[in-house]
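Order-wise, the sequence lines are chains U and Z. For the first sequence, the residue numbers in this note's numbering are 1 to 208. For the second sequence, the residue numbers in this note's numbering are 1 to 725.
These are computed hints drawn from the structure, not numbers from a lab. Quick caveat: nothing in here was measured; it's all calculated off a predicted structure. Positions of the beta carbon are idealized from the N, C-alpha and C atoms, including for glycine. Careful, some of the hints might be misleading.
Label pairs and their in silico Cβ distance ranges [what the hints assert, rightly or not]:
# : chain 1 : residue 1 : chain 2 : residue 2 : range
1 : U       : K203      : Z       : F389      : 32 to 38 Å
2 : Z       : T321      : U       : K160      : 54 to 60 Å
3 : Z       : S32       : U       : K21       : 44 to 50 Å
4 : U       : E143      : Z       : E235      : 38 to 44 Å
5 : Z       : G294      : U       : K21       : 55 to 61 Å
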Amino acid sequence: MKRTITLLILIISAAGFAQSKYQQGMTKAFELWKSEKPWEAANLFERIAQVETDNWLPRFYIAQINVFNSYSEKDKEKMVAQMDKARDFLNDAKALTENNAEIYVLEAQLLTAWVVYDGQQYGMKYSQKIAELYQKAFDIDPENPRVVLGKAQWDIGTAKWFKQPTDVYCDDIKRAIELFANEEPAGEFHPRGGGEYAETVLKENCEG
Amino acid sequence: MKLSKKQLTLIVVLTFFASSLNYQAFSQTSISGIVTEKNGTPIEGVNVYLEGTYDGVTTDPEGKFTFTTYEIGVQTLIASYLSYESFMMAADVTQMSDLKIWLREDVNSLDTVVISAGTLEASDNSKVSVLKPLDVVTTASALGDFVGALQTLPGTTTVAEDGRLFVRGGDAGETQIFIDGIRVFTPYTPTTNNIPTRGRYSPFLFDGITFSTGGYSAEYGQALSSVLLLNTIDEPDQDKTEIALMTVGGGVGNTQKWENSSLSFNTSYINLAPYLALYPDRNDWEKPFETFAGESVFRRKFEKGIFKLYAAFDTSSFELTQEDIILPEGLRFKLKNSNFYSNASYAGELENNWRFHTGASFTHARNDVGIQEDGIDNTENSAHFKLKFRKRFSNRVKLSFGAEQFLTDFTEDFNNDFVSERYGFNNGISAAFSELDLIFSRKFALKLGARGEHSQLFDQFTFSPRASVAYKTGKNSQLSLAYGDFYQQPINDVLKFSSDLQAQKTQHYIMNYQYVANNRILRLEAYRKDYNSLVTFNDEFPGFDSNYSNNGDGYAQGFDLFWRDNNTVKNVDYWVSYSFLDTERLYRNFPVSSTPSFANTHNLNTVAKWWIEDWKSQIGFSHTFSSGRTYTNPNEPGFLQEKTKAFNSVSVNWAYLISPQQILYLSINNVFGWKNINGYQYASTADANGNFNRRALRPAADQFFFVGFFWTISEDGTDNQLDNL
């Protein structure tokens, strides 16, 4: 019996070790990100990216961290530096994956960061481009909840700005929430989730 | 329980398998140290790792790092952080403890000093940018003409009846325009007396405009005062169709994108007849101004470069009789112009941090002019070829050099009942230039350049040194200085009659101070320009039998002030520019050194834009004030001895965003209908009392109204917005 346990432990630990460095690294990076250390996570993704030269995921997340953390950036120098970095890694990621809706969504989010930074200057310049990117993403993957949510959120913003009805887009957000609930990620460490955020968007834009 | 042989084997295999995966079987090495700036300030957030491995860590607030590795032997350690140059070192891992690493600031960052003396930029991300690309279309007085928008910047003089750029005491011919680094020989639509011209090219095709009012790079020559550099868009945003309907005409544009290439074209048709029927002006039009223009840009991206082909064609015609004090029945003038310009360029990367840029342009311009009974037909064929290399030795040392060739073939036929003459010239200019950029630190940069030119027509060689330096005086402020020698051949109107001349020369000395923070820009610039070898002749206008020489000279000095603020009042963006100019020159047929009539002492421009969210509208306002310009009063002794009253004009515009794709645009120039006077024309003979009578040169119309509707149709735009209207 004792031996059998030893054997079991051995087998389990072997399975544990079988988790590759890549998986360990990615898991660790997501933990850092969750514990509000996005820049440490970005650094780790960068270390992973320079080893995994043909994998778009770490590059995608570096770009995403830079984009998400630019939404509240007011300093132009930092803004430009972060946006440049995001753009570089996004281009790298784009070159490693074909026809990927997630890439287009992130590109739209990158341009949105500029619009948030200075709407007067970049609003007119980028708004059509952003709409086009969401449309492209939607054409590729109409069932992707992040695509549906991103597109609906952008459309709602535009419609509100032009004082047009937003009901259609609220339905889209509800649909995104449903899609989030039933989401099957495309693969290990692939982008997933965002349902809670969709609920907030729905609350802010469509209720009350 | 006894293990069977089989079980034992399994355990052995598994153990071996596990340990081969489990690096803990080998010994770990600890790598540690601290990352700081040169002055010892720790840097937090630096990514420190061994190249090609997962092993690494981010530095803590004290700049410290520690991590372990199972790697052995010589490895490369990298420390990288945004806006610093990456640090690399190769050593045995056992040597990598208690490392002291300092990072050098990355001089490519936005924080680095920029050589700004003389330069005014309109772009998105440059820190020294004074205009944004959209300003060209939203400035009230500009009417969609990029030259009009630049006229609100410091260093320019208001010459309302001309419409071209007059920079710092220089005449309009002293400014050269380049598209993608290649020269434009005939940038303006020709007009006649008292009718301002416009730039030929659509502002929507360019995303970067650099307007240099002096001290510019050795790459550019044949301009005494100023260069205007226009860069076409590398990659258009999307497929779209643009439609413009205006009170003076209409236009259609279309852009198609493919994977690596794109094609845009733009056409416009302008006819002033309906407008003039409603609001007649001071001219007596037989055939109101009519123009058709088309332009097209093709771009293709390659793995290591981009190719652009730009072509523009336009044709315009008009015929009118203008009031004239010498001719009681008026001066009859008619013009037919056609102009073709094309420009091809390729910019690419080579091995070892070399880049090259090459291009060529060709211009074919034809004018059929009729003045009274005289017919003047001319044809200009010009070409420009250019090749430029740039080597980046490091982020801090860059060298560029290149060569170019200009060719002009100009022929003119003059015909009336008595004379029939053909004349012209053939001109080639060869030039070579080189420039060295040295960035010593984020605070201090230097640019040294030299340019040599050889004129085939005069068999003359000229050498122009250029130098500029910039120093950062504080977090948000910098000081720059520039010096340069500039040569330019006399204008076509002179060269066609005489080629026994030489190049005209200026020297520029510029000092610039700039403060940029929180969407506010303050820019102060003082300058001095010395002119030499200006062309003089003995008649009022250059003619067959005039005597020409290079005996002229002159100076211009003054200061410019620019303030733009996009921060103090919410949704309001405004700028003020003021220029003080003191200039005199001896040129053309001036008997004594005088202030020419295109120069004035004070120019003040105020432009404001107010975005009103609730109305989805932008209201624009611009005011131009310029002090009086000189003219010669033959009733008094002297030359250019009197001045007109000051020029004043307020323009307003209103852009209403009907939907994301539709804009309604309304503008009125000179809202208050102020009566401006650009100068006087005197009778050629005195009346009975010995007095020369005069006529005030007033704009053809005091006011101008414009209504336009602009509609952009893009694929996705139609399906996500228009169905909601």
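Hints, one by one, checked against the model:
no.	hint	result
1	U:K203 x Z:F389: 32 to 38 Å	violated, 59 Å
2	Z:T321 x U:K160: 54 to 60 Å	holds, 56 Å
3	Z:S32 x U:K21: 44 to 50 Å	violated, 22 Å
4	U:E143 x Z:E235: 38 to 44 Å	violated, 30 Å
5	Z:G294 x U:K21: 55 to 61 Å	holds, 60 Å
Of the numbered hints stated above, those contradicted by the structure are hints 1, 3, 4, listed in ascending order.
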